[in-house]
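Novice: Since the structure of chain A is already known, use the hints to place chain B on it.
Okay, here's what each chain looks like letter by letter:
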Amino acid sequence: MLLRVENLKVHFRTDMGIVKAVDGVDLSVDTGERFTLIGESGSGKSVLGLSILRLLPKNATISGRIVFDGKDLLKLDEREMQRIRGRKIAWIPQSQSSLNPVLTVSFQCAEPIIQHLNYDKRSAWRKVLEIFEFLKIGNRAREYPHQFSGGMRQRVLVAMGISTDPKLIIADEPTKGLDASKREQVVELFRRIKDKTMLLVTHDLYFANELATKIAVMYCGKIVEVCNAKDFFKEPLHPYSRGLLDSLPLRGLKPIKGFQPSMINPPKGCRFRERCEFASSKCKEEPPLFNLNGRAVRCWLYEVKS
Amino acid sequence: MIKGVNLWKVFKSGIIGKKRIYALKGVSLEIKDGETLALVGESGSGKSTLGRILLMLIKPDRGKVVFDGVDLTSLGNKELRKYRLKMQLIPQHPDEALDPRWRIYDSIAEPLRIHKLVESKEEEQNKVFELAELVGLKEEHLSRYPHEISGGELQRAVIARALALNPKFIVCDEPTSMLDVSTQASIIRLLLDLQRRFKMTYLFITHNLELASVIADRIAIMNGGRIVKKLKPEELQSQLMKVAIFRSSD
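Quick note, the sequences are listed as chains A and B, same order.
Everything in the first sequence is counted per this note's numbering, starting at 742 for the first residue and increasing by one.
Everything in the second sequence is counted per this note's numbering, starting at 39 for the first residue and increasing by one.
Just chain A, same shape as in the assembly (with noise of 0.2 Å):
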């Protein structure tokens, strides 16, 4: 088991109350796996990927274990932190706007390189070279990010990521706003890395399909529903699961009724009582995650199965 979570809490101190992003999460990624969380947006996913590296604003709290290689991360100090983030553990972020416009790509691609394994110039600009190579980024690296087109500026923050060959990457919604042939292309590039160990953040259920060998269901703060990408996609079982698919254009467009609750006050019980179908008297309590077949469901809808 390379990454444990374990009743993970991060709550934001906002005027409005405590935002309560991440309520009480509990995962496991081994090696080898591509975990992949998916939900709606604010449903607390980007903020489990950020907790893990410990990079939450100043007005967050948060509690819980993260247990990563054998080492709880809440409790290193930043200087032992900065040692993991980059190395052990890369960030893939959103593209676009994340790179340093007055640096050479290949000069930032070096940085971690340098730092985290403290090669010389020479031979970090070498590595720097064969990654781009790998990646099909091109003879570009005297370039600046402004000649980059998005695409190819998602290629760099991906050679970075993988430059110091971490043991996790953690990549947040890698195609966002995406039209469809390059959304594609950024399948075909997560697949090039696909022996690395991964945690994928996204929305994207094309995107998901694609790529995950595990999927998480996060709603409102807490995960509905872990299991393999295949039988999720063949038979989601959390009502919310459900509604998401059947919200895709040719599996129905039906959309799930009503809003996504407010995190500062979540319903009692079962937070998707208010917009589900199979609600009873029973979700006013909080249901526990089913194990069914190896699969886990937070649904009272298979109390009996399990």
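A portion of the hints provided could be inaccurate.
Stated by the list, open to error - Sample of chain B residues lacking proximity to chain A, with all beta carbon distances greater than 12 Å (derived): (1) 57; (2) 72; (3) 206; (4) 255; (5) 267.
Said to hold, decoys possible - Just so you have them, the derived chain A footprint on chain B, three or more residues with Cβ under 8 Å: (6) 221 to 228; (7) 244 to 250; (8) 271 to 279.
Hints are computed from structural coordinates only; laboratory data are not their basis.
All C-beta atoms in this analysis are idealised placements derived from N, C-alpha and C, irrespective of residue type, glycine included.
Specialist: Frame of chain A, contents of chain B only:
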């Protein structure tokens, strides 16, 4: 209903217009009354430019736009205003479409004020409430500012504003590309429902093939400033069904 004939558009940039981008290279198309034409293509293929030209928001360099038998390209700005009433745009980024310093109520009421369609405050209020109800917004949303409501609600407000003038023709420019799938489903359902009720004609611009194949009567594919292919939604659907995720489980 609306027709574009041999439309050309070149964007010039640089100091003396040295850099030229050919956005449209002789596009002709016709959209019939009450029909939805989906315009599909990659970003940069000229879809949005075509939509904006059909609305006469930008002028074509060459070619004609004919609306209900009238050549709009030959009209002056004042005469055009009569036709602007009948044609509306639903833009891609609802968060940038509304004035951030105005309440939602005022943004919906603005077209009514500009075109002097209401005589009193009361009439205006009734009309705005009616529009809000039509798109599923609650009264409490109307007194808020754009940053205080969600993306889906914002898009509903933008749709209400577009409907305020009882348009006949609406260009929907990627209205759901920034929204989640379940929000997308509800906005699309709303648009289709409104189309049936008010017998409107849609030009639906999208890069989502799946969506186009479900909602359109006809599909035109654009690439490099030209329409390269026209096809029926069924043909596209049968292609897409080969991808497992799009098939429903039952």
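Novice: Against each hint, give a clear statement of whether it holds in the structure.
Specialist: For each hint, the structure was consulted:
no., hint, verdict
1, 57, "holds, 15 Å"
2, 72, "holds, 20 Å"
3, 206, "holds, 25 Å"
4, 255, "holds, 15 Å"
5, 267, "holds, 15 Å"
6, 221 to 228, "holds (count 6)"
7, 244 to 250, "holds (count 5)"
8, 271 to 279, "holds (count 3)"
No hint from the list above goes unmet by this structure.
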